[in-house]
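Participant: One-letter residues, chain by chain:
2 protein chains.
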Amino acid sequence: MNRTNLIEQINRKKSYLCVGLDSDINKIPEELQRFPDPVFEFNKRVIEATSDHCVAYKINTAFYESRGLAGWACLEKTVAAIPDTHFKIADAKRGDIGNTSRQYAKTFFGHMNFDAVTVSPYMGEDSVSPFLDFENKWVIILALTSNKGSDDFQQLSIQDKNERLFERVLKTCSRWGSEENIMFVVGATHPDAFLDIRKIIPRHFLLVPGVGAQGGDLGQLTKNAANDDTGILVNVSRGILFPQNNLDYPQNIREAAHAYHHQMSLLIQ
Amino acid sequence: MNRTNLIEQINRKKSYLCVGLDSDINKIPEELQRFPDPVFEFNKRVIEATSDHCVAYKINTAFYESRGLAGWACLEKTVAAIPDTHFKIADAKRGDIGNTSRQYAKTFFGHMNFDAVTVSPYMGEDSVSPFLDFENKWVIILALTSNKGSDDFQQLSIQDKNERLFERVLKTCSRWGSEENIMFVVGATHPDAFLDIRKIIPRHFLLVPGVGAQGGDLGQLTKNAANDDTGILVNVSRGILFPQNNLDYPQNIREAAHAYHHQMSLLIQ
Chain A
1 MNRTNLIEQI
11 NRKKSYLCVG
21 LDSDINKIPE
31 ELQRFPDPVF
41 EFNKRVIEAT
51 SDHCVAYKIN
61 TAFYESRGLA
71 GWACLEKTVA
81 AIPDTHFKIA
91 DAKRGDIGNT
101 SRQYAKTFFG
111 HMNFDAVTVS
121 PYMGEDSVSP
131 FLDFENKWVI
141 ILALTSNKGS
151 DDFQQLSIQD
161 KNERLFERVL
171 KTCSRWGSEE
181 NIMFVVGATH
191 PDAFLDIRKI
201 IPRHFLLVPG
211 VGAQGGDLGQ
221 LTKNAANDDT
231 GILVNVSRGI
241 LFPQNNLDYP
251 QNIREAAHAY
261 HHQMSLLIQ
Chain B
1 MNRTNLIEQI
11 NRKKSYLCVG
21 LDSDINKIPE
31 ELQRFPDPVF
41 EFNKRVIEAT
51 SDHCVAYKIN
61 TAFYESRGLA
71 GWACLEKTVA
81 AIPDTHFKIA
91 DAKRGDIGNT
101 SRQYAKTFFG
111 HMNFDAVTVS
121 PYMGEDSVSP
131 FLDFENKWVI
141 ILALTSNKGS
151 DDFQQLSIQD
161 KNERLFERVL
171 KTCSRWGSEE
181 NIMFVVGATH
191 PDAFLDIRKI
201 IPRHFLLVPG
211 VGAQGGDLGQ
221 LTKNAANDDT
231 GILVNVSRGI
241 LFPQNNLDYP
251 QNIREAAHAY
261 HHQMSLLIQ
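These protein sequences, in sequence, are chains A and B.
Our numbering numbers the first residue of the first sequence as 1 and each following residue consecutively.
Our numbering numbers the first residue of the second sequence as 1 and each following residue consecutively.
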């Protein structure tokens, strides 16, 4: 999916919600355990309950790899079950020397039909560029992540004391491609950082985790991070898959996605 | 495998060779293509031809994932086929928020029987610590990688201009565990850096890629990086799997591994 199509989907739905399919097999409803692939059955029902409310799905590969072959089969079936109207993100956090990154790009863009893969910037340009050789495919580069560990290195001041490592990552990596094929991960847990980030990359899309279970505030991050094209995809995983409302499954999932959608439609109207 | 056992293996064989099973299906011998899983047949023969000469195997997951389910099945069979006398490294370069890194740790240490996983430090402590909860298992943290892209961020000076990012990574990450469960990746393509690195972490094992196809010099890196416990595992992938000598397969592989072994035995005698 290219940038124009993505923006059209966002404008049409007035939603910039990304549903994270971190479908932990130990947490899904009991009634699905009778199926040969309970996680896939859960994912199908989540997609059905949420597709009107979101524009993207993010699949964290860790939750699938941890179940070995069965998990990998489930990952392949799940991405194939997502409608083409939705942007499909492999949250894989890969990145290796060029020769090897090319193999990862083949995995997610060739063997499977993802639109984007998350990549760590630590190994530099030749670890990212093989992903950019695929037309209408994207890399989403970790800049400032949502976790506590983001303090350890990402926020270190470099050379000129006014620049932090994640800011250098934004400046350098944005030159490797364009806003047509590069996005950045910025966690909702750093709301003030969005103002600095938008000075560096006003037009790029940001993938924003950290709303919900991790405590980020949707209103504040939207105010600080949204641009004229909306320019953000806000991911919610546990807050939609395993919501804290009083409805029965799967109505609870539909309602949780609807609540985020409704809030977003008011924030970008 | 714990540190004592690893050092015993090195001393017994006078080898610190790690064979990288980057078994590209497009490059393996024609005669194996008739098998249902040609890459696994190739790997079995490589292990048989090299196990006397090496102390470790490193499997780069990218080469397996790119073939989907069949590749993942091959990965599981390959790690199970490596003798317990050898240290088994999943070169997966993973790392995510704590909740997710725990899933990756389960994949490689629970579902499969790897001794170590390579991890990117960019996301900080909580992305690494879940791997350290497993007894006698290791993380191998990217510090200064072998590729050209290592210039982009790893070598940036931070705060105090005498410290580069990778040096801060060594200092900070070494506090998260001990030399019993943490190693670092340092590429052979930066031979002078080993002297600085050994001032920061004199005792930790280093996993050293970049010899062979990438041009690093074994003698020079051993001189600069080896410590009293040897303390290095030097990985060779393409240089052993697809060697440039004149022998027929699989003698060419055995001879390539033997040549590295012989050179190593002289360097650490």
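Hint data in this document are derived by calculation from the structure and do not stem from the laboratory.
Incorrect hints may have been included.
A pair holds if it fits inside one copy or across any two, identical chains being indistinguishable in the list.
Said to hold, decoys possible - Computed cross-link-like contacts, DSS-like style, restricted to lysine-lysine with a CA-CA straight-line distance of at most 30 Å:
| no. | residue 1 | residue 2 |
| --- | --- | --- |
| 1 | Lys148 | Lys199 |
| 2 | Lys77 | Lys106 |
| 3 | Lys199 | Lys106 |
| 4 | Lys77 | Lys171 |
| 5 | Lys223 | Lys77 |
| 6 | Lys27 | Lys171 |
| 7 | Lys106 | Lys223 |
| 8 | Lys199 | Lys137 |
| 9 | Lys14 | Lys106 |
| 10 | Lys44 | Lys14 |
| 11 | Lys106 | Lys148 |
| 12 | Lys13 | Lys148 |
Participant: Hints numbered earlier in the text: which of these fail when held up against the supplied structure?
Facilitator: 3, 4, 5, 6, 7, 9, 12
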